[in-house]
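Participant: Using the sequences and the accompanying hints, generate a full structural model.
Listed in order, the protein sequences are those of chains D, Z, S and G.
Numbering-wise, the working numbering comes out as the position in the first sequence, counting from 1, plus 32.
Numbering-wise, the working numbering comes out as the position in the second sequence, counting from 1, plus 32.
Numbering-wise, the working numbering comes out as the position in the third sequence, counting from 1, plus 35.
Numbering-wise, the working numbering comes out as the position in the fourth sequence, counting from 1, plus 35.
Quick caveat, the hints were computed from the structure, so don't treat them as lab data.
Everything numeric in this text was worked out from a predicted model, so none of it was measured.
Accuracy of the hints is not assured; some may be wrong.
Below, simulated EDC-like cross-link-like pairs (lysine to aspartate or glutamate); rule was C-alpha separation at most 20 Å, straight line [what the hints assert, rightly or not]:
{"#": "1", "chain 1": "D", "residue 1": "183", "chain 2": "Z", "residue 2": "189"}
{"#": "2", "chain 1": "Z", "residue 1": "187", "chain 2": "D", "residue 2": "184"}
{"#": "3", "chain 1": "S", "residue 1": "177", "chain 2": "Z", "residue 2": "192"}
FRET-style restraints, in silico, Cβ to Cβ [said to hold, decoys possible]:
{"#": "4", "chain 1": "Z", "residue 1": "34", "chain 2": "D", "residue 2": "141", "range": "48 to 56 Å"}
{"#": "5", "chain 1": "Z", "residue 1": "38", "chain 2": "G", "residue 2": "77", "range": "18 to 26 Å"}
{"#": "6", "chain 1": "S", "residue 1": "97", "chain 2": "G", "residue 2": "177", "range": "43 to 51 Å"}
{"#": "7", "chain 1": "Z", "residue 1": "251", "chain 2": "D", "residue 2": "104", "range": "28 to 36 Å"}
{"#": "8", "chain 1": "D", "residue 1": "80", "chain 2": "Z", "residue 2": "38", "range": "53 to 61 Å"}
{"#": "9", "chain 1": "S", "residue 1": "66", "chain 2": "D", "residue 2": "197", "range": "34 to 42 Å"}
{"#": "10", "chain 1": "S", "residue 1": "158", "chain 2": "D", "residue 2": "81", "range": "49 to 57 Å"}
{"#": "11", "chain 1": "G", "residue 1": "177", "chain 2": "D", "residue 2": "183", "range": "36 to 44 Å"}
{"#": "12", "chain 1": "D", "residue 1": "272", "chain 2": "G", "residue 2": "177", "range": "41 to 49 Å"}
Which bits of chain G does chain Z cover? Going by a derived footprint, with three or more residues having C-beta under 8 Å, they are [as the list claims (entries may be wrong)]:
{"#": "13", "region": "57-67"}
{"#": "14", "region": "80-88"}
{"#": "15", "region": "117-125"}
{"#": "16", "region": "135-146"}
Ideal Cβ positions, reconstructed from N, Cα and C, are used throughout, including at glycine.
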Amino acid sequence: MPIDKTVNSFTEAVSDISDGSVVMIGGFGGAGGMPHLLMLALRDLGVRNLTIIGNTAGIAAPTGFGWPDGVEPIDHAVLIENGQVSKVIASFPVSGSVSRPNAFEEAYRAGEIDLELVPQGTLAERMRAAGAGIAAFYTPTGAGTMLAEGKETRKFDGREYVLEHALYADYALVRAKTADTLGNLAYAGTSRTFNPGMAAAGRVTIAEVDEIVAPGGIDPERVDTPSVYVQRIVMRPPGSESGVALP
Amino acid sequence: MPIDKTVNSFTEAVSDISDGSVVMIGGFGGAGGMPHLLMLALRDLGVRNLTIIGNTAGIAAPTGFGWPDGVEPIDHAVLIENGQVSKVIASFPVSGSVSRPNAFEEAYRAGEIDLELVPQGTLAERMRAAGAGIAAFYTPTGAGTMLAEGKETRKFDGREYVLEHALYADYALVRAKTADTLGNLAYAGTSRTFNPGMAAAGRVTIAEVDEIVAPGGIDPERVDTPSVYVQRIVMRPPGSESGVALP
Amino acid sequence: MIDPAPRLGREVIAMRVAREFGDGEVVNLGIGIPTLCSDFVPPGVQLIYHSESGLLNCGPLADDGEGDVDLINAGGQFLSPVPGMAYFDSAEAFAMIRGGHIDVTVLGALQVSATGDLANWFLPARGVGNVGGAMDLAVGAKRVIVAMEHNPRTGEPKIVQDCTYPLTGRGCVGLIVTDIAVIEVLPDGGGLLLIEYAPGWGVESVQANTGAELTVSPDLVEMTLA
Amino acid sequence: MIDPAPRLGREVIAMRVAREFGDGEVVNLGIGIPTLCSDFVPPGVQLIYHSESGLLNCGPLADDGEGDVDLINAGGQFLSPVPGMAYFDSAEAFAMIRGGHIDVTVLGALQVSATGDLANWFLPARGVGNVGGAMDLAVGAKRVIVAMEHNPRTGEPKIVQDCTYPLTGRGCVGLIVTDIAVIEVLPDGGGLLLIEYAPGWGVESVQANTGAELTVSPDLVEMTLA
Numbered sequence: 033m034p035i036d037k038t039v040n041s042f043t044e045a046v047s048d049i050s051d052g053s054v055v056m057i058g059g060f061g062g063a064g065g066m067p068h069l070l071m072l073a074l075r076d077l078g079v080r081n082l083t084i085i086g087n088t089a090g091i092a093a094p095t096g097f098g099w100p101d102g103v104e105p106i107d108h109a110v111l112i113e114n115g116q117v118s119k120v121i122a123s124f125p126v127s128g129s130v131s132r133p134n135a136f137e138e139a140y141r142a143g144e145i146d147l148e149l150v151p152q153g154t155l156a157e158r159m160r161a162a163g164a165g166i167a168a169f170y171t172p173t174g175a176g177t178m179l180a181e182g183k184e185t186r187k188f189d190g191r192e193y194v195l196e197h198a199l200y201a202d203y204a205l206v207r208a209k210t211a212d213t214l215g216n217l218a219y220a221g222t223s224r225t226f227n228p229g230m231a232a233a234g235r236v237t238i239a240e241v242d243e244i245v246a247p248g249g250i251d252p253e254r255v256d257t258p259s260v261y262v263q264r265i266v267m268r269p270p271g272s273e274s275g276v277a278l279p
Numbered sequence: 033m034p035i036d037k038t039v040n041s042f043t044e045a046v047s048d049i050s051d052g053s054v055v056m057i058g059g060f061g062g063a064g065g066m067p068h069l070l071m072l073a074l075r076d077l078g079v080r081n082l083t084i085i086g087n088t089a090g091i092a093a094p095t096g097f098g099w100p101d102g103v104e105p106i107d108h109a110v111l112i113e114n115g116q117v118s119k120v121i122a123s124f125p126v127s128g129s130v131s132r133p134n135a136f137e138e139a140y141r142a143g144e145i146d147l148e149l150v151p152q153g154t155l156a157e158r159m160r161a162a163g164a165g166i167a168a169f170y171t172p173t174g175a176g177t178m179l180a181e182g183k184e185t186r187k188f189d190g191r192e193y194v195l196e197h198a199l200y201a202d203y204a205l206v207r208a209k210t211a212d213t214l215g216n217l218a219y220a221g222t223s224r225t226f227n228p229g230m231a232a233a234g235r236v237t238i239a240e241v242d243e244i245v246a247p248g249g250i251d252p253e254r255v256d257t258p259s260v261y262v263q264r265i266v267m268r269p270p271g272s273e274s275g276v277a278l279p
Numbered sequence: 036m037i038d039p040a041p042r043l044g045r046e047v048i049a050m051r052v053a054r055e056f057g058d059g060e061v062v063n064l065g066i067g068i069p070t071l072c073s074d075f076v077p078p079g080v081q082l083i084y085h086s087e088s089g090l091l092n093c094g095p096l097a098d099d100g101e102g103d104v105d106l107i108n109a110g111g112q113f114l115s116p117v118p119g120m121a122y123f124d125s126a127e128a129f130a131m132i133r134g135g136h137i138d139v140t141v142l143g144a145l146q147v148s149a150t151g152d153l154a155n156w157f158l159p160a161r162g163v164g165n166v167g168g169a170m171d172l173a174v175g176a177k178r179v180i181v182a183m184e185h186n187p188r189t190g191e192p193k194i195v196q197d198c199t200y201p202l203t204g205r206g207c208v209g210l211i212v213t214d215i216a217v218i219e220v221l222p223d224g225g226g227l228l229l230i231e232y233a234p235g236w237g238v239e240s241v242q243a244n245t246g247a248e249l250t251v252s253p254d255l256v257e258m259t260l261a
Numbered sequence: 036m037i038d039p040a041p042r043l044g045r046e047v048i049a050m051r052v053a054r055e056f057g058d059g060e061v062v063n064l065g066i067g068i069p070t071l072c073s074d075f076v077p078p079g080v081q082l083i084y085h086s087e088s089g090l091l092n093c094g095p096l097a098d099d100g101e102g103d104v105d106l107i108n109a110g111g112q113f114l115s116p117v118p119g120m121a122y123f124d125s126a127e128a129f130a131m132i133r134g135g136h137i138d139v140t141v142l143g144a145l146q147v148s149a150t151g152d153l154a155n156w157f158l159p160a161r162g163v164g165n166v167g168g169a170m171d172l173a174v175g176a177k178r179v180i181v182a183m184e185h186n187p188r189t190g191e192p193k194i195v196q197d198c199t200y201p202l203t204g205r206g207c208v209g210l211i212v213t214d215i216a217v218i219e220v221l222p223d224g225g226g227l228l229l230i231e232y233a234p235g236w237g238v239e240s241v242q243a244n245t246g247a248e249l250t251v252s253p254d255l256v257e258m259t260l261a
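Facilitator: See below:
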């Protein structure tokens with residue numbers, strides 16, 4: 033049968049995510065590259081005790097980070113406000129402004145959510161390691177800081193490195209501009225960020241895309257995430273391609 | 033000043049490579065993706081005691097691997113036959129045919145060249161680690177084999193992994209289809225292979241290209257090797273774009 | 036012991052292996068008999084081919100003289116393009132392998148042991164060899180199928196209790212398809228299970244050509260390619 | 036101690052930092068004063084900007100209302116495109132940083148120590164913070180320049196013998212540019228070298244606002260921006 037990884041609705045795309053799942057959420061923190069409709073579907077699914085992994089933990093509402101003026105942000109906060117998240121793994125979890133805390137910070141202060149804070153480059157590299165079958169690696173990032181506390185360190189050529197481990201997820205929710213039916217993905221501009229790494233690190237990767245094309249519709253030189261990393265694709269409704277106009 | 037990494041001749045491009053340099057040579061083993069004219073310039077430069085790092089050690093002459101019929105191959109063998117190489121680091125150093133040894137195998141049997149044999153994926157990953165500032169990593173590849181002898185091993189989740197170290201070079205000679213003057217590179221098809229990894233792992237990376245364009249001449253989504261990894265670019269003479277017609 | 040019947044040809048081995056492929060699977064084929072498997076994929080099964088040369092999805096070998104030096108497989112042969120390909124570099128090609136994103140790899144072998152150890156890269160007599168991507172495929176692919184002749188021309192067994200040739204990977208082989216039998220490697224050191232024999236062969240004649248003890252499957256059948 | 040002269044504005048700090056950039060260098064600018072540096076790059080100097088958001092080379096901030104959600108900097112601001120850009124993912128963006136392919140990064144700081152330790156990410160009073168890419172830049176960039184106000188509004192020194200705030204990186208800072216001075220961090224624990232002071236300031240007044248001992252450069256000069 034011709035391979036076609038399309039699923040017809042966002043509800044169906046996330047339907048097997050369960051209580052306690054570890055879920056990666058793509059993007060950098062702003063509107064671009066973020067799987068808004070998969071997050072809303074996951075909110076509506078209502079499963080709880082999730083670990084979510086992302087660059088931020090939802091900072092757009094208080095700060096407008098990466099969102100056009102006058103558009104209501106949708107991000108990780110929809111899950112946190114709904115009480116579905118028990119742990120966050122992120123590099124930039126809180127609002128840049130002390131006086132405008134995000135939903136995560138309030139839940140964290142209330143003792144409702146755990147945080148594993150990871151330097152941004154280490155977060156990206158741990159995902160890549162998971163996707164690439166590398167169990168662990170030595171990075172200079174964080175050596176001698178509180179984020180290396182309790183971790184193994186080792187010197188190479190006189191410099192201190194920290195041992196960091198591969199970071200997997202049960203599900204990766206990613207956002208791309210274009211998918212072909214085989215699951216090859218192409219991103220747009222700076223919306224690539226964590227999406228390719230998560231696609232490779234997720235045991236089940238679900239891609240929210242602006243358009244789905246037949247095989248050949250993406251230049252083979254321009255495939256950013258090859259199809260082996262993608263299990264399901266689901267298309268945003270026409271008219272929401274800009275990344276911000278949502279139904 | 034507008035940045036322009038173009039150098040005007042292959043001779044000039046390799047002129048500071050010296051006796052004892054560690055030199056990566058791009059490509060997979062066939063005609064595509066291999067820096068033929070940089071290799072010939074390095075041969076003419078005559079420096080000796082080189083360590084060369086590549087997927088093969090020059091297998092095209094006896095086997096025709098990846099070369100069209102009737103075209104005389106140019107590969108690592110030009111350096112080996114010229115007595116310039118004292119060590120090879122490769123995954124596929126010898127001809128696939130026992131009865132048709134390549135120049136490397138003859139020199140190896142004569143005790144003139146050392147060999148460090150590395151699994152192909154580990155070779156690629158060690159280069160990536162060098163480019164990415166990762167000192168070392170744990171890979172399952174080679175565990176329990178003679179290529180792991182003398183190396184540290186460690187179990188993660190009950191499975192054995194081998195500690196492998198970053199692999200740097202003084203110079204990386206790579207081959208791309210297109211460069212812009214800033215040094216951004218785009219490859220063609222399966223000629224990408226080891227070139228991006230080497231470009232990142234080389235302290236000085238020299239790219240042999242079919243064409244040089246102004247900034248903007250390569251789609252920013254399609255840059256395979258970003259300019260930070262490239263120090264010099266040099267263009268093949270018009271008419272040799274196919275990869276095989278050489279002056 | 037004289038063979039009780041002719042051994043199967045290389046194409047027939049490939050044909051039998053190809054019946055193992057599931058629809059939509061990602062497959063990496065080694066050089067030799069494994070490459071032939073792509074000619075015998077059952078109707079209705081669409082595969083995604085992966086190559087260490089940095090591609091996913093490809094067409095058949097290019098016609099003579101039509102080759103493009105920028106479109107080769109891991110054996111250096113020229114391929115033809117198909118819609119829906121993806122190109123990438125060696126680090127990514129092997130991230131896919133090592134990271135468990137390849138469903139099946141088919142490899143040749145010099146020896147396979149009773150616990151599924153694979154030796155397929157180094158001939159001690161030569162003293163130097165190519166490892167290529169074999170060790171990565173052995174540890175990384177979800178399923179490793181060995182396709183080979185059951186015995187070399189010199190007749191000694193290639194399926195052995197313990198490999199004497201240098202290993203490619205330990206305990207990695209799941210299925211062995213040869214010119215006289217199909218043998219499953221049971222998990223966790225459970226040994227070798229004979230599940231099919233070639234027409235005219237049987238348990239005793241296969242065992243006589245094998246250097247490790249075979250358990251006989253209760254479902255043992257003669258190999259068919261229907 | 037009362038300030039002997041006005042402190043410099045944020046733009047002037049940025050202007051002074053921008054004089055450190057060499058032609059053709061790859062530069063990563065942090066949020067705040069560092070971002071302003073791009074407005075003051077000397078004529079004849081072409082830089083390649085790197086951002087953790089996954090780009091090399093970019094134009095100035097986009098005009099209001101012209102922003103594209105798919106073209107942002109690490110601070111979430113919309114950028115305008117220029118010819119010769121490259122887009123890539125986070126793993127690659129940080130491979131560039133960690134691998135030593137960024138010539139200069141300019142960062143803000145809460146504290147800098149006499150040995151060049153940097154603390155710029157965690158306010159203990161808040162109890163939770165964002166590390167972002169700061170630790171990667173601190174260890175990875177070939178040269179780390181700190182651009183900051185010499186003292187916070189509360190007046191205590193930010194340049195200290197040992198940082199009391201949690202560190203971003205050890206011994207990573209090479210140069211400190213503030214609103215009253217320019218201070219070099221000498222290699223190998225050699226301490227702090229005062230090389231420039233703001234107009235109307237001098238060795239004593241800068242030292243009085245600094246929590247670690249300053250060595251005075253024989254070439255000490257008043258800061259100029261000519």
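Participant: Can you tell me whether the CB distance of residue 97 of chain S to residue 177 of chain G sits inside 43 to 51 Å?
Facilitator: Hint holds: Cβ distance 46 Å, inside 43 to 51 Å.
Participant: Holds or violated: the region 135-146 of chain G covered by chain Z, criterion of 3 or more residues with Cβ-Cβ distance under 8 Å?
Facilitator: This one holds; 3 residues, not fewer than the three required, reach chain Z with a Cβ under 8 Å.
Participant: Is the distance from the Cβ of residue 272 of chain D to the Cβ of residue 177 of chain G consistent with 41 to 49 Å?
Facilitator: holds, 43 Å
Participant: Quick one: are residue 177 of chain G and residue 183 of chain D within 36 to 44 Å, going by C-beta?
Facilitator: violated, 26 Å
Participant: Take the C-beta atom of residue 80 of chain D and the C-beta atom of residue 38 of chain Z, compute their distance, and say whether it sits inside 53 to 61 Å.
Facilitator: Given about 59 Å between the Cβ atoms, the range holds.
Participant: If you look at each residue in the region 80-88 of chain G, do at least three have a Cβ nearer than 8 Å to any Cβ of chain Z?
Facilitator: holds (count 3)
Participant: Are residue 183 of chain D and residue 189 of chain Z close enough, with their CA atoms no more than 20 Å apart?
Facilitator: holds, 17 Å
Participant: How does the Cβ-Cβ distance of residue 34 of chain Z and residue 141 of chain D compare with 48 to 56 Å: does it lie in that range?
Facilitator: holds, 52 Å
Participant: With a Cβ-Cβ cutoff of 8 Å, does the region 117-125 of chain G contain at least three residues near chain Z?
Facilitator: The restraint on the region 117-125 of chain G holds, since 7 of its residues have a Cβ under 8 Å from chain Z and three suffice.
Participant: Please check whether residue 158 of chain S and residue 81 of chain D have a Cβ separation lying inside 49 to 57 Å.
Facilitator: Given about 55 Å between the Cβ atoms, the range holds.
Participant: Determine whether the Cβ-Cβ distance between residue 251 of chain Z and residue 104 of chain D falls within the hinted range of 28 to 36 Å.
Facilitator: For residue 251 of chain Z and residue 104 of chain D the Cβ distance comes to about 33 Å; the hint holds.
Participant: Given the hint that residue 187 of chain Z pairs with residue 184 of chain D, test it: the Cα-Cα distance must not exceed 20 Å.
Facilitator: holds, 15 Å
Hint check: a violation occurs at hint 11 only; the rest are consistent with the structure.
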